[in-house]
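Colleague: Could you build all of it, start to finish, from the sequences and the hints given here?
With the working numbering applied, the sequence shown corresponds to residues 1 to 260, in that order.
Keep in mind that the hints were calculated from the coordinates and are not lab data.
You can trust all of the hints, since none of them are fake.
Capping the alpha-carbon separation at 25 Å, the derived lysine to any residue pairs in SDA-like fashion look like this:
id : residue 1 : residue 2
1  : K96       : E70
2  : K96       : A44
3  : K115      : C100
4  : K96       : S39
5  : K96       : V63
6  : K96       : D43
7  : K115      : L57
8  : K96       : G65
9  : K96       : E77
10 : K115      : A81
11 : K115      : R58
12 : K96       : R47
13 : K96       : S66
14 : K96       : G62
15 : K115      : V80
16 : K115      : D73
17 : K96       : E72
18 : K96       : D73
19 : K96       : L64
20 : K96       : L57
21 : K96       : R61
22 : K115      : Q55
23 : K96       : H68
24 : K96       : P54
25 : K115      : L64
26 : K96       : A51
27 : K96       : R32
28 : K96       : A81
29 : K96       : G53
30 : K96       : T109
31 : K96       : S84
Pair ranges (Cβ atoms, derived):
id : residue 1 : residue 2 : range
32 : T152      : G62       : 51 to 57 Å
33 : C93       : R50       : 19 to 25 Å
34 : R142      : P69       : 38 to 44 Å
35 : C93       : I127      : 47 to 53 Å
36 : P131      : G168      : 14 to 20 Å
No residue lacks a Cβ here, since even glycine has one placed at the ideal position from N, Cα and C.
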Amino acid sequence: MTLRSLALGSAPETRHPGLVDPERVAVDPLARLLTEAASGNRDALSRLLRALGPQVLRVARGVLGSSHPEIEDAAQESLVAIASAVGSFRGECSVKHFACRIAARKCVTVRRRAKARDERRRALASIPPPPPAAPTTPARVRREALRALLETLPEEQAETLVLRVVMGFSLAEVAEATGGRYFRAPRGQVGVDQIRRQLRSMQQSESEARRVTVHEARFALVLFPAFLLLLLEALLPDAWIGRRRAAPPPENRRRKRGRR
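Modeller: Shown next as C-alpha cells:
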C-alpha cells in the first residue's frame with residue numbers, strides 16, 4: 001500500500017484551518033500540510049504522510065524490535081490512523097510529536113495483539129493429542145461418520161452440530177453462542193431429526209460394510225483347505241498320488257493279515 005493510496009483511501013475530518021495556531025504553521029512546514037489536509041486536500045495529505053513515514057517507521061522499530069515480522073504492517077496502520085486523525089490536531093504540540101503519539105499507540109496495540117496470538121499458539125501446541133482409537137471401535141465409527149456428515153450439512157447446521165456434539169454445549173449454550181441465529185425450536189428440531197437420520201444411515205452403511213468383510217473372510221477360510229488340496233495334487237508326483245489312492249484302507253489290511 002503506497003502513501004498515495006493511503007491518502008486517497010482516508011477520509012479526514014474537514015475543519016477550518018484557522019483552529020491551528022498561525023505562528024506554528026509559519027515555523028512548522030508539516031503544520032501547514034496538516035492544515036491543508038484537514039481541509040480536504042488529498043495531495044497535501046499524501047505529502048504529509050510521505051514526510052512522516054520515516055518517523056513512523058522508526059517508532060515501529062523501537063516498539064516492536066527491528067526483527068519483528070509485523071513492522072511494515074504496524075507502520076501502515078499507524079499512517080492510516082494519522083490520516084484519519086488530522087482533523088483532531090489542535091496545535092498543542094508539533095506535528096511530528098502528534099504523529100509519534102498516534103504511531104506509538106498503534107504499535108503497542110500491534111505488539112499486544114501479536115503476543116496474544118503467540119500465547120494462543122503455544123497453548124494449543126501444549127495440548128496433548130488424543131490417544132489413537134482402535135480402527136473398529138464404535139466411537140471411531142461415530143466420529144468418522146460425524147466428520148463426513150459435516151461436509152454435507154449447511155453451514156448453520158454444521159456449526160450447531162459441532163457446538164452440541166463435539167464441544168458438548170447444552171442447547172441453551174448453543175443458542176447463546178450463535179445468538180439464536182441457527183438454533184430455533186421448530187426448524188432446529190427438524191434439523192436435529194435430519195442430522196440423526198443421516199448419521200444413523202451412515203452408521204448402518206458402515207456396519208453393512210463390516211458384515212460384508214466378515215462374510216468374505218469366513219468364505220475364504222472355507223475355501224482355503226480345498227485350495228490347498230488342489231495345490232498339493234498339482235505339485236506332488238502323479239505316481240505317489242496314484243499309489244496313495246490305490247492303497248487299501250486299514251480295515252482291509254487287517255483282514256488280509258488275519259487270513260494269513
